[in-house]
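In order, the protein sequence lines correspond to chains A and B. One point on numbering: in full-length UniProt numbering, the residue at position 198 of the first sequence is 198, and numbering is uninterrupted. One point on numbering: in full-length UniProt numbering, the residue at position 71 of the second sequence is 71, and numbering is uninterrupted.
Calculated from the structure, these hints are not laboratory results. Certain hints may be false.
In silico BS3-like cross-links for lysine-lysine, where the CA-CA straight-line distance does not exceed 30 Å [what the hints assert, rightly or not]: (1) K188/B to K209/B; (2) K152/B to K392/A; (3) K57/A to K37/A; (4) K410/A to K41/B; (5) K274/A to K254/B; (6) K109/A to K65/A; (7) K224/B to K274/A; (8) K188/B to K82/B; (9) K410/A to K117/B; (10) K117/A to K65/A; (11) K82/B to K410/A; (12) K392/A to K209/B; (13) K82/B to K274/A; (14) K351/A to K82/B; (15) K152/B to K312/A; (16) K152/B to K274/A; (17) K152/B to K261/A.
These stretches of chain A come out as covered by chain B in the derived footprint (C-beta under 8 Å, 3 or more residues) [said to hold, decoys possible]: (18) 193–205; (19) 272–279; (20) 382–391.
In this text, a Cβ means the ideal position worked out from N, Cα and C, and glycines have one as well.
Each chain, letter by letter, is given below.
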Amino acid sequence: MLSSIKHSIIMLFLGLGFFGHAQTIEVCPTCPISSIKEAIKIAQPNDTIIVKKGTYKAYDIVIDKPLTIIGKDHPVIDGDLKGEIITITSDYVTLDGFFIINVGTSYTKDYAAVRVKRSQHFVIQNLVLEKLFFGIYLEKSKNGKVFHNKIVGNAVAEHNSGNGIQLWYSQNVEIEHNFVEGVRDGIYLEFSDYCTIKNNVSSNNLRYGLHFMFSNNDVYENNTFENNGAGVAVMFSKFIKMYNNIFTENWGTASYGLLLKEINDADIRNNTFKENTVGINIEGSNRVNYSNNDFISNGWAVRVRGACYTNKFTENNFLYNSFDISYNSKVNDNIFDRNFWSSYTGYDLDKNGIGDVPYRPVKLFSYIVNRTPETIILLRSLFIDIIDFSEKVSPVFTPDNLMDQNPMIKQIP
Amino acid sequence: MLKILKYSFYDLMRSRWSYVYFAFYLLLGVVLLFLNNNLSKAIITLMNVIIVLVPLIGTIFGVMYYYNSKEFTELLLAQPLKRSSIFLGQYLGVALSLSMSLILGLGIPFIFYGLFKSNVIWDFSLLLITGTFLTFIFTALAFNIALSNENKIKGFGYAILLWLFLAVVYDGIFLMSLILFEDYPLDKLSLTGTMLNPIDLSRTLILLKLDISALLGYTGAIFKRFFGTNLGFIVSLTMLLVWVILPVLRIVSKSKRKDF
Chain A
1 MLSSIKHSII MLFLGLGFFG HAQTIEVCPT CPISSIKEAI KIAQPNDTII
51 VKKGTYKAYD IVIDKPLTII GKDHPVIDGD LKGEIITITS DYVTLDGFFI
101 INVGTSYTKD YAAVRVKRSQ HFVIQNLVLE KLFFGIYLEK SKNGKVFHNK
151 IVGNAVAEHN SGNGIQLWYS QNVEIEHNFV EGVRDGIYLE FSDYCTIKNN
201 VSSNNLRYGL HFMFSNNDVY ENNTFENNGA GVAVMFSKFI KMYNNIFTEN
251 WGTASYGLLL KEINDADIRN NTFKENTVGI NIEGSNRVNY SNNDFISNGW
301 AVRVRGACYT NKFTENNFLY NSFDISYNSK VNDNIFDRNF WSSYTGYDLD
351 KNGIGDVPYR PVKLFSYIVN RTPETIILLR SLFIDIIDFS EKVSPVFTPD
401 NLMDQNPMIK QIP
Chain B
1 MLKILKYSFY DLMRSRWSYV YFAFYLLLGV VLLFLNNNLS KAIITLMNVI
51 IVLVPLIGTI FGVMYYYNSK EFTELLLAQP LKRSSIFLGQ YLGVALSLSM
101 SLILGLGIPF IFYGLFKSNV IWDFSLLLIT GTFLTFIFTA LAFNIALSNE
151 NKIKGFGYAI LLWLFLAVVY DGIFLMSLIL FEDYPLDKLS LTGTMLNPID
201 LSRTLILLKL DISALLGYTG AIFKRFFGTN LGFIVSLTML LVWVILPVLR
251 IVSKSKRKDF
């Protein structure tokens with residue numbers, strides 16, 4: 001027993017000897033150094049600051065040299081609602097394991113719990129943010145990582161609340177395993193390219209779970225977006241890849257699982273859209289591939305608004321949606337092929353797994369509802385079925401070339 | 001009244017038509033489950049069937065039963081029995097036996113398919129509840145028609161017209177009026193329009209379960225309050241109950257005044 005303790009002490013000294021050039025500074029409420037600001041002031045570049053458990057009242061903490069700042073057992077940094085709490089202005093900063101609360105609210109400045117300004121190679125992980133305005137704000141920064149953070153806001157109105165994770169002119173940032181709820185936009189990217197957003201959960205936000213603006217070549221996958229005010233919005237962006245995400249329970253008049261506006265050349269694959277008012281709302285989007293997605297029990301699985309050309313829908317499952325596809329014009333330049341439609345009523349005599357009769361996913365009734373929304377109350381009425389049937393036999397109002405020539409007989413796995 | 005109810009009920013239980021009706025639903029349930037391999041999809045299809053077929057069968061069967069047992073009714077009328085109990089007993093006998101055929105015919109295949117282990121059990125029970133309500137409503141309406149018309153052919157004609165009107169024509173007129181007045185706020189009109197037709201009412205009740213995400217897509221505040229909360233559910237059920245009570249009351253008053 002005794003010898004093992006001796007052993008470990010020797011090991012410790014050896015360790016210190018090895019890393020002697022990078023010092024460790026300890027901060028705790030009763031230590032000689034009791035504030036984080038003070039510790040940053042005396043620290044040399046590449047030092048490690050360890051903050052022990054306790055509550056530290058501080059705001060405007062500026063990290064201006066490459067430091068590793070680690071919180072042990074989630075020490076609390078309380079901003080007292082006075083303003084921004086931590087600002088990182090140096091490269092190679094690691095911030096790990098803090099519980100940050102009470103960010104100030106302002107109508108003129110975007111105060112954030114943690115802001116990264118013109119820096120590279122930062123790592124922000126294991127933070128818990130509560131009572132915040134903006135959460136993590138990356139500004140003109142590059143090559144960083146934002147991992148395992150939990151952001152819980154209490155936003156009530158859009159005009160006086162901020163976003164959970166916001167990227168502005170930032171490149172090559174990895175955002176993974178974060179959990180964001182109760183803010184305005186869960187994750188917001190503006191002018192940010194080549195970012196990866198993976199395995200996050202964004203729910204119960206006022207506006208969008210995830211929001212892209214003018215951001216290109218980004219990837220987001222395996223995220224869950226649930227019960228957000230308006231779902232996920234991807235606008236004015238190019239070459240976005242959206243894989244394996246789950247969009248559920250976005251209910252309301254302007255709520256979408258996914259809202260695409262002015263999106264070109266995107267790839268949307270293996271996503272699940274379940275119980276949204278509108279699964280995907282498309283407006284002005286071109287050359288987008290939709291494949292292997294599941295649309296389950298949505299009000300409208302896909303609503304095409306206009307100016308959408310050469311989009312391809314292949315091998316998707318459309319299951320029990322009130323409306324599969326809705327169009328507001330007679331022009332169609334999009335391709336629907338080899339999808340499974342749960343409301344398909346055709347047959348397969350040659351047993352090749354593909355229905356012998358093409359399927360027309362746009363119903364006349366969806367036009368009527370577009371025109372007079374109150375008529376939604378007649379959904380599934382026998383009369384509506386009759387007029388839908390007559391439209392199906394001889395299309396007058398719906399685009400006559402809009403059909404799936406090869407509807408699948410069995411659900412696509 | 002109970003005695004007459006019992007008699008009518010057993011009489012119908014022995015009759016061929018109840019078995020046919022029961023067998024039809026049994027077959028429908030089995031075929032739907034066999035073809036769809038999926039409980040939720042089968043329930044959606046069933047809903048379409050129930051909303052249209054149950055009222056049709058209720059009206060036809062009610063009118064038929066009344067005319068067929070007319071001689072027996074006249075015999076009963078000669079006895080010291082209250083008129084209301086004679087007619088109510090007959091009415092309940094028909095409605096109960098029809099509902100039983102419906103519930104058993106659909107319930108058995110679904111239970112064997114594993115209904116209790118699935119999460120659609122509430123949707124299914126709602127389906128059966130609305131089906132039962134529709135049976136009671138339309139049998140009562142049929143008795144009303146039969147009581148008011150001595151002529152069998154006329155009675156049948158009116159019964160079929162009533163069904164056709166409520167199942168199809170009403171929705172057509174409803175749709176046209178909604179489109180015609182689209183410039184005005186319509187949520188009150190559309191909800192009232194639904195309340196006035198028992199078929200639409202039960203359809204709405206099922207929509208609340210199956211298509212809630214689509215219904216919430218509309219902007220109206222009244223719509224939102226109606227569909228977004230339990231209000232819609234409660235109001236629809238109450239209105240269905242009113243739809244049963246009103247025709248039954250008319251049966252009672254009509255049968256008291258009628259000259260046989």
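Structure-based check of each hint:
1. K188/B to K209/B: With Cα atoms ~21 Å apart, K188/B and K209/B stay inside 30 Å; holds.
2. K152/B to K392/A: Violated, at roughly 40 Å.
3. K57/A to K37/A: Distance of about 11 Å is within 30 Å: holds.
4. K410/A to K41/B: 14 Å, holds
5. K274/A to K254/B: 52 Å, violated
6. K109/A to K65/A: With Cα atoms ~24 Å apart, K109/A and K65/A stay inside 30 Å; holds.
7. K224/B to K274/A: 20 Å, holds
8. K188/B to K82/B: Judged against 30 Å, a Cα distance of about 43 Å means the pair is violated.
9. K410/A to K117/B: The given pair, whose Cα atoms are some 24 Å apart, holds under the 30 Å limit.
10. K117/A to K65/A: Roughly 12 Å between the alpha carbons, so the hint for K117/A and K65/A holds.
11. K82/B to K410/A: At roughly 61 Å apart (the allowed maximum being 30 Å), K410/A and K82/B break the hint.
12. K392/A to K209/B: 27 Å, holds
13. K82/B to K274/A: 57 Å, violated
14. K351/A to K82/B: 65 Å, violated
15. K152/B to K312/A: Not satisfied, since the Cα-Cα distance of roughly 60 Å exceeds 30 Å.
16. K152/B to K274/A: At roughly 52 Å apart (the allowed maximum being 30 Å), K274/A and K152/B break the hint.
17. K152/B to K261/A: Not OK: K152/B and K261/A at ~63 Å, beyond 30 Å, violated.
18. 193–205: violated (count 0)
19. 272–279: holds (count 4)
20. 382–391: With 5 residues close enough to chain B, the hint holds.
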